[in-house]
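*Asks:* Protein chains in written order, with the numbering used here: chain A, 1 to 264; chain B, 1 to 328; chain C, 1 to 262.
Treat the hints as calculated values from the structure; they're not laboratory data.
20 Å max Cα-Cα, derived PhoX-like pairs, lysine-lysine:
no.	chain 1	residue 1	chain 2	residue 2
1	A	K258	B	K92
2	B	K92	A	K257
3	A	K91	B	K176
4	B	K299	B	K288
5	B	K92	A	K249
6	B	K97	A	K3
7	B	K252	B	K299
8	B	K92	A	K3
9	B	K106	A	K91
10	A	K91	A	K3
11	B	K97	B	K207
12	A	K91	B	K92
13	B	K134	B	K176
14	A	K91	A	K258
15	A	K91	B	K97
16	A	K3	B	K134
17	B	K106	B	K156
18	B	K200	B	K176
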Amino acid sequence: MRKYLAIFRTALQSSITWRGAFWFYVSLSFLPLIAYYYLWTAVFQNRAEAAGFSYHSLLTYAVVALLITRFTSSWPEFGVMENIREGTLTKYLVQPTSYLGYFFTSRVAFRVFANLINAPFAMLIIYVLRDRLLPPATGWQWLATMLAIPIAYVMQFLLGMLLGLVSFWISEARYLIPLKETALLFVGGMALPYAFFPAAVQTMLDALPFKYLAAFPVEIFLGQKTAAEAIAGLAVGLIWLGALFALMKLMWRRGLKKFVAVGN
Amino acid sequence: MPIIEVRDLSKTYTYHRKAPGLWNSVKSLFKRQTLTTEAVKRVSFTVEAGELVGFLGPNGAGKTTTLKMLAGILYPTTGEARVLGYVPWERKAAYQKQFSIVMGQKNQLWWDLPAMESFLLNKEIYEIPEPQFKETLNELTELLDLHEVLDVQVRKLSLGQRMKAELTAALLHRPKVLFLDEPTIGLDVVAQQKMREFIKAYNQQQKTTIMLTSHYMEDVAALAQRVIIIDRGIIFYDGPLTGLAAKVHEHKTVRMTFTKPVAATDLPAFAHIIERTPTTATVRIPRKDSARRTAEMLKTLPIDDITIEEEPIDDVIRQVFLNHAQPA
Amino acid sequence: MQRYIRLFFRYLSTDIIREAEFRGGFFLLLVSNLIEFTVTVAFFSLLYGSVPTVGGWSYPEALFLVATYSIIGNLSGAFFLRNFARFSEYIRTGLLDTFLTKPVDAQFAATLRYHAISNLISLLPSVALLMISLHRLGLTITVVNAVGYVLLLVLGLIIVYCLWFAISLLAFWLTQINELQELWFSLYDFARYPPPIYDGGVRILFTFVIPVLTVVAVPTEFFLEHTQPAAIGYNVAIAATLLIVTRLLWKVGLRRYASASS
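Bound-form chain A, shown alone (with noise of 0.2 Å):
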């Protein structure tokens, strides 16, 4: 629709401008992989493996999670809250468009653009580590792994939207946004492989979503996961994002409601 379109440029030209700061925060989401690297290399000074991975694996994994999740990231959750709070979410609402797909449309146009910045980055990176890292044995891999990277973008956005719209009900929500970025994504398995976890535990975050945001792709990258499973995976990740999304349209009808009668 030329609508959704027109939105998306505009987006996009709003990110151009904001490209100091993008530079900025990019930046600061790739240190966090200093530390795992010197992290997993003091660890295996002395040793030849740890919960099933050698050196070589676990860098990887620590390296394609950090920046599978990057690549992914989405933070609706600030724009909507703003949104919700300030009461600027009436202009929207005086406008024919739907105010999610407004919203989703603006939000791909900031990834489109942060991803630009987000690959030099990532390009130096595997230069530097290029000798210590494992790519995938076959192609079906890489494919499998860009095939489960939207639906890490769109679970990412969609969690971050989940806990936007809670701030239709509790204002003070936005003290939890910190939590996406550290207990989201360690459950989701991009500080510690899932190996490390108890069977049990193990077996509980298999049957939950976060899977999807980093362990699942990062998983089916090195190799540990067959080519059924890989498919089965993809398609209960599909399920998971209708779920999510029907619990989300909920929400949001909810609390509009109760935001259109209670005033702003």
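Chain A is fixed; fit chains B and C onto it per the hints.
*Replies:* Leaving out everything else, chains B and C in the frame of chain A:
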């Protein structure tokens, strides 16, 4: 067929109250007192196509609340309203394409981009055909003198320029109904004047139905053929401006500080006392000959400091209608 | 000096009243802090589940480090965060003037005016972790190591103040970036891991140029009894130097601010 029909519209808000002090603050962590306020109480009126209606009242009178309900961004507690045949709070796209609301503090333009980009975006959102867009934009550019404004980042514009851009964005789709909430607030005197001229001209040329709220008498005096006065959620007056003219601008308010104590009896007879302490006095004097009367006070009273103000709108309204005490 | 102490407590009491208004926010903040703390501890717990030592540090030693890291983090969050987070706003909007025109040292006021006392509640789990790790290590608390630890903590806090302040001062030059404190958080993150894992250029960077590592490592190592007096002396020297250097930078930034105001 009236374009806007409002019948028994009411809106009640709830809010919380906390008494000051540390102990009460701690208590409030666990229990708060919930109070309600009736912002709009059974308001009814109709507006015909092409009318320019001024919705006047002091702060907190219920004007913005009513406007928000007509724009569909607020549900009423009870009552009905229809604009262009639609129920506003159903927010149908067909309705949204035919009206616009401009609220003083909330801007719809993208902050970091030139206004033109936001206009182009609105073109797509409202599905305005290209030739109509061009024509409307040209007209508005001329009417509002937007030449300097179009290609500058919105955040770099002055408040007056930004308001012009906001207005333009709101009018690009040629709405049949325009709601303006405090359109002149924060603007300097010249910009206020220009704004009023534009609104008047636009209403006459385009026959757009316009409802504007304000707490400045000057806005309404300059613009509205018809005035609705609302206070504390109730409509006190709904009729032509001429009915009010006689009542308005009758008095001025004079505040004085004295160098030594002054008794009430020392103040001249024409000065109606509003507030008084031994060393200060706030009085109301008739507008006629106010300069001469003020000079007289300066001569006879030991005045240290003096300010002369227009009678606040709140006082005018209360004074005018306190006698009647019944809503229209 | 006494005046400034009194002033500080006045700031504190007005803030406590303000915080009590917080209501829902208070509880959420608490929950948020607790969850973050749990995640950090979980990380190390899981890591050490598969690996007995990291950089030569055992699990309880690492926990002690994490506890110290959290304590300093909570304290600096309670006393510094709200001020430094607004710094770029002060400069961008000219609000800094309100501090410059009062008869109180502007740096003192602008950097210590506001607090987030609710953060201090989060000290409880951190101190609990401290006790647990001491118990596991079989170490006892003596007057000497307790007092020394606390003093070194305070020293660490001073260094944190200076580093965070220095980063915030960048706002005088980088006016477009609102969230400079994120840079501080990213840097402080490095102090969470046992220091021996870093080597080479990065170790030098984080010990001598941006001394985040020494902030947490020195009090920890002191208590765990593998410290060197040189490290303590170094921290003292660094704290003093940074106080002076940041003060100078502040003055330079102010000159720029004052001449550019609109």
